[in-house]
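2 protein chains.
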Amino acid sequence: MGKSLYAGVDLGGTSMSAVIANSRGKVLGESDTATDKSSWRVTVDQVIEQIERAAKDAGIKPSKLEAIGVGAPGAADPKTGVVHRAPNLGWKDVPLGEILSEHFGVPIAIGNDVQVAIMGEHAFGAAEGHSRAVGIWVGTGVGGGLIVDGELDRGHRGAAGEIGHMVLDENGPECPCGRKGCAEAYSSRTSMERDVKALISSGKKSVIPALMKEKKKTRMTSSVMERALEADDAVMKQVLARAQHHLGLLAGNIVNLYDPEVIVIGGGVAARLGESFVAPIRETARTRFLKPDPKGKISITHATLGDYSGALGATVLAKKHA
Amino acid sequence: MGKSLYAGVDLGGTSMSAVIANSRGKVLGESDTATDKSSWRVTVDQVIEQIERAAKDAGIKPSKLEAIGVGAPGAADPKTGVVHRAPNLGWKDVPLGEILSEHFGVPIAIGNDVQVAIMGEHAFGAAEGHSRAVGIWVGTGVGGGLIVDGELDRGHRGAAGEIGHMVLDENGPECPCGRKGCAEAYSSRTSMERDVKALISSGKKSVIPALMKEKKKTRMTSSVMERALEADDAVMKQVLARAQHHLGLLAGNIVNLYDPEVIVIGGGVAARLGESFVAPIRETARTRFLKPDPKGKISITHATLGDYSGALGATVLAKKHA
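Those sequence lines, one after another, are chains A and B.
So in the working numbering, the last one in the first sequence is 322, and the numbering has no gaps at all.
So in the working numbering, the last one in the second sequence is 322, and the numbering has no gaps at all.
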């Protein structure tokens, strides 16, 4: 079956990408575009188009694919292929699996984008060969997922891995989930942007507004963050350190509860900043390990597939579950 | 094999108990005593004596046992039967398994007391029939354990389930582990006793000192706590509520990360106070569930085997792993 090919789609609220890959994770074709959210049907048609373009790029007909996988930003039912809630897309109960299946005539698997990306890192990236892995994905929010023996450990209700909402201080900052002091409320890109704005409002100087203007960004993207750090921006450094500190507490709590072999930190910020993002997180986490780890049996590291984590993970999902 | 009999020992720093039980958890004989810690060898001889007394109580010869299990208060190596660290016993590297095996000539299994008690509750108590369970054990410290498909989920290094050291507020009270703001630092019996003393020192009135004197206790035992609550003691109620609140945050974090079917809360305080101890914990935990649980698919409940959780759990350990 060395010639079996899969399509994988990383469907995000800002952009989407599709790849065609073999079962060893070799990318043979790809395509990406900005997500058009004018209606759910328009977005689904974009997904179809990206798969077709990636297949063309790989020189194959979509009907020859073994299966297609999609990672969607929300709660997807892996059995029915329905995306129940995807706030970043404005979706509610979209039958994505059924539509793709009818269009392409091949098996379809739909999963949560973060969980799918962690599957990708487990199959071909930072967690390859590790039987017990946890992913911490830092982006608009903070998501996560657990992997045991190469399969997602979904928990009793399919809700395991929601580590972004671990409370680290119940009197902490407000979280988009409506509670206070969740890890996400300290450490998401959105939370970091909030903290940057607050420091600037309080009179601190920062290059960040100028960088955002220069790059024509309405949000503090990871590329803006990288540039601000290169400019040795004090506000950026202070805000990033706070986020990293709380990600370290989160990772320490995960180790004490779940004792994984590897924690992979992914998402846009981690992809761009790499080890310099992860090092302080690792340092804080290790101070919280109840069982000391002098030999470094537990690895805390950044994702290595970069922009491909999600789309390649979706090909793994396709292979395993379509 | 309906007639196979097992011995199980719950070895604690204050007292120890042994039972003889069949594979369905029916207790046929028992014995218990205060733990003599004058030397490790004296304590081990007590363990031997308790097993012999329980066997006599059941009317069988110890040599007829299928296996013997022991839950010890510390880190035990399940393969070698060595108890590496058991601070409450003053033990370091005691070859308990080997000594018992030589004495009785039957297979021996040694485990951690809390994990063993959770196995007991899973086999015959509050978690019976649930495939994914977490135990939170409140005593001198706060311990825990994870169970999946009837087996302990030990994690990569055998350190999973150390939930007592989940940080809930890094600026919180000091924990015996040397860190700050761990769940244990708010919610163990020891931490509650610290809080009671602090309130009394600050001038609050409480019946607790008189109750301890009356019962000739140097510590605030769970029976003292129960009596204080019966007397509507304001200090006891305030301190208990704080402990329960933080156990609720802990349970909520466990649900968001691990998504178990049931969380069993055990140990002396839970055994004595039962549902009145657990109800406020459940209420707080449910406010933290990221995925709502309107149908109550997740149960948060108290252990039901009472004083037998540990010793019966040790018979389960014996049956499965000796």
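Note that these hints are calculated values from the structure, not bench results.
Be a bit skeptical, because a hint or two may be false.
As the list makes no split between identical chains, a pair holds if one copy fits it or if it spans any two.
Think about it this way: if two alpha-carbon atoms lie no more than 20 Å apart in a straight line, the pair counts; the simulated SDA-like pairs of lysine to any residue are [unchecked claim]:
| hint | residue 1 | residue 2 |
| --- | --- | --- |
| 1 | 295 | 75 |
| 2 | 180 | 245 |
| 3 | 213 | 80 |
| 4 | 291 | 15 |
| 5 | 56 | 273 |
| 6 | 92 | 292 |
| 7 | 180 | 242 |
| 8 | 56 | 180 |
| 9 | 291 | 78 |
It should be emphasised that the depicted structure is a prediction, and the values quoted were computed from it without experimental measurement.
(request) List in ascending order the numbers of the hints, as given earlier, that are violated by the structure. (result) Hints 3, 4, 5, 8 not satisfied by this model.
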